[in-house]
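Q: Listed below, chain by chain, are the residues.
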Amino acid sequence: MLLVCGDSHTSTHGALGALAFGIGMTEVAHVLATQCLWQRRPRNMRITVEGALGFGVTAKDVILHIIATIGTAGATGCVIEYAGSAIRGLSMEGRLTLCNMSIEAGARAGMVAPDEKTFAYLAEKQYAPKGAEWDAALARWRALPSDPGAQFDHEVMIDAASIAPMVTWGNSPQDALPADGVIPDPMHQDDPARRQAMEDCFAYMGLSAGMPVTELRLDRVFIGSCTNGRIEDLRAAAAIAKNGKVAAGVMAWVVPGSAPVKRQAEAEGLDAIFKEAGFEWREAGCSMCLGTNGEIGRPGQRIASTSNRNFRGRQGAGGRTHLMSPAMAAAAALAGHIVDIRRVQGAA
Amino acid sequence: MEPFISLKSNAVPLVQDNIDTDQIIPARFLARPRDDDHGINFFRDLRFDANGQEIPEFPLNRPNWRDARIILGGRNFACGSSRENAVWALHGWGARAVIAPSFGDIFAINAVKNGVLPIMLSADAVSALMAATIADPEAVIAIDFPEQTVTAPDGTVHRFEIDPFAKRSLLEGLDELAFTMTHEEDIAAFERRFGRDNF
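For the record, the sequence lines run as chains A and B.
Everything in the first sequence is counted per this note's numbering, starting at 1 for the first residue and increasing by one.
Everything in the second sequence is counted per this note's numbering, starting at 1 for the first residue and increasing by one.
Rather than coming from a laboratory, the hints here were simulated on the basis of the structure.
Misleading hints may appear alongside valid ones.
[To be verified] Just some of the chain B residues that point at chain A, by a computed CB distance under 7 angstroms:
no., residue
1, 16
2, 20
3, 22
4, 45
[As the list claims (entries may be wrong)] Simulated restraints, written as ranges between beta carbons of each label pair:
no., chain 1, residue 1, chain 2, residue 2, range
5, B, 138, A, 280, 48 to 56 angstroms
6, A, 298, B, 193, 53 to 61 angstroms
7, B, 2, A, 35, 21 to 29 angstroms
[Stated by the list, open to error] Residues from chain B that keep clear of chain A, each with C-beta distances beyond 12 angstroms, as calculated:
no., residue
8, 3
9, 151
10, 154
Heads up, the beta-carbon is just placed ideally off N, CA and C, and yes, glycines get one too.
If we strip away everything but chain A, and leave its shape as in the complex, we get (with noise of 0.2 angstroms):
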């Protein structure tokens, strides 16, 4: 399948086996008033993780750990397809949180070859195929996988055992760094431009080289965005959520990534787990992602964010944006600083 949309996060699909991304305003009236788009073959990277993930990693640190590998232009003109024992061990809501932030890597589109889980995921959806149209696309889907042997334009191999829980600490997805790590040195940077560059981030994002990233304290927390307001996001956060309160001075929100998602969380119970522990749950949607719809942060407020970009102001003028997974935020919650979230007690 061929999917297009005005968003750049449309990459998400690519976790469905589905060639899927981005586009503009008028490329998007070009499909709609003709079902086509004009475009050229873009280069093919793989990105191999292999390996069990440690403890308390999720697909959200894999992706921030490949952006940190490859930078955020590192597939630029690229299709990324992910690959590898790890990547095939990730549960669907897992890839989704991978293929969606593809575009953080600067490639348009990320993928995963379908397989029985992605056939299992499909095949309970109020959509999906049925009866023999159901077999019949499924013999097409068992087609799409890469052929062994493949030849990729760019090939990148990463130890699953290598990735840490990660956080960013700057205004770029690829300032990403493990939860036990130190903010780096500008000093060490070589190219004097890059080095004023870090240090202008310093003073927009209120850092010190050296300094521990979990004595960052923090003003809110943000669950949920396209990357990771899924069920199973809902879950994680809310296993950490039940051990304890949001830190006084916290303001915490949980946003559902859509409204069924929403009503799935609420019969699970997960709303009651939130509501007891401090957040507030909220209506689904993009939220303090973006903040189109003003739902954001003062400036110099410090958040913990699920979604996908640290970019300067993306929260709101003068918001310090720390992304990492669903669970290091509700644990940063909980802690009122950025957390390392195996140290934390009752993490599962």
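Given chain A's structure and the hints, the job is docking chain B onto it.
A: Same frame as chain A, but now just chain B:
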């Protein structure tokens, strides 16, 4: 669409890498109609302070660069959100070309469809152009689109690559939608064939 053929102008340098489209136009302006003046919101939060006063140090506010029609960008210029408003803002401000070592893919595509030419040159070539324009803000850069060249103020000529279809569209100011519609029968035939085998 207005065609792009050639351009001689001084250029404004925005030296940072990874400038994202959230900087180019913040999300709170995205709901405005296409026909609005988006130029006023170009780099809104870097050009103006919270009180709406110009920030004099920002390059777009420097007197010599206000009329520049070329932007020199860092690596991965206009990455991030697919918002076409970023191109509208850039165009509305008055720029017609961006020269950078690399672009966010979606921005580069959107640019071509709005009469703005994205030119990729080597990082060294862009750095040299930035240095020249910082030394002399009035220094003129010449873009010859049919020849696919950029001539630096010191006379150095850089050749750039562009997709042939994008080049034709921009040179002719082609309405891409009208062009595609001339293939309507082919599209319908494909859909009949495709629809039989897929759903």
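Q: Work down the list of hints and note, for each, if the structure agrees.
A: Do the hints match the structure? See the list:
For residue 16(B), the shortest C-beta to C-beta distance to chain A is roughly 5 angstroms, which falls under 7 angstroms, so the interface hint holds. Hint on residue 20(B) holds. Least Cβ distance to chain A is approximately 5 angstroms, under the 7 angstroms limit. Among the interface hints, the one on residue 22(B) holds; its C-beta lies about 4 angstroms from the nearest C-beta in chain A, closer than the 7 angstroms criterion. Against a cut-off of 7 angstroms between C-beta atoms, the interface hint on residue 45(B) holds, since the closest Cβ of chain A lies about 5 angstroms away.
Our hint of 48 to 56 angstroms for residue 138(B) and residue 280(A) holds, since their Cβ atoms are close to 54 angstroms apart. A C-beta distance of roughly 56 angstroms is found between residue 298(A) and residue 193(B), which places it inside the suggested range of 53 to 61 angstroms. Here the CB-CB span from residue 2(B) to residue 35(A) is close to 27 angstroms, well matched to the stated 21 to 29 angstroms. The beta carbon of residue 3(B) is kept farther than 12 angstroms from every beta carbon of chain A, the shortest such distance being approximately 16 angstroms.
Remark: the non-interface label on residue 151(B) is consistent with the geometry, its nearest Cβ contact in chain A lying 25 angstroms away (cut-off 12 angstroms). Once the 12 angstroms rule is applied to beta carbons, residue 154(B) is consistent with being away from chain A; the minimum gap is 21 angstroms.
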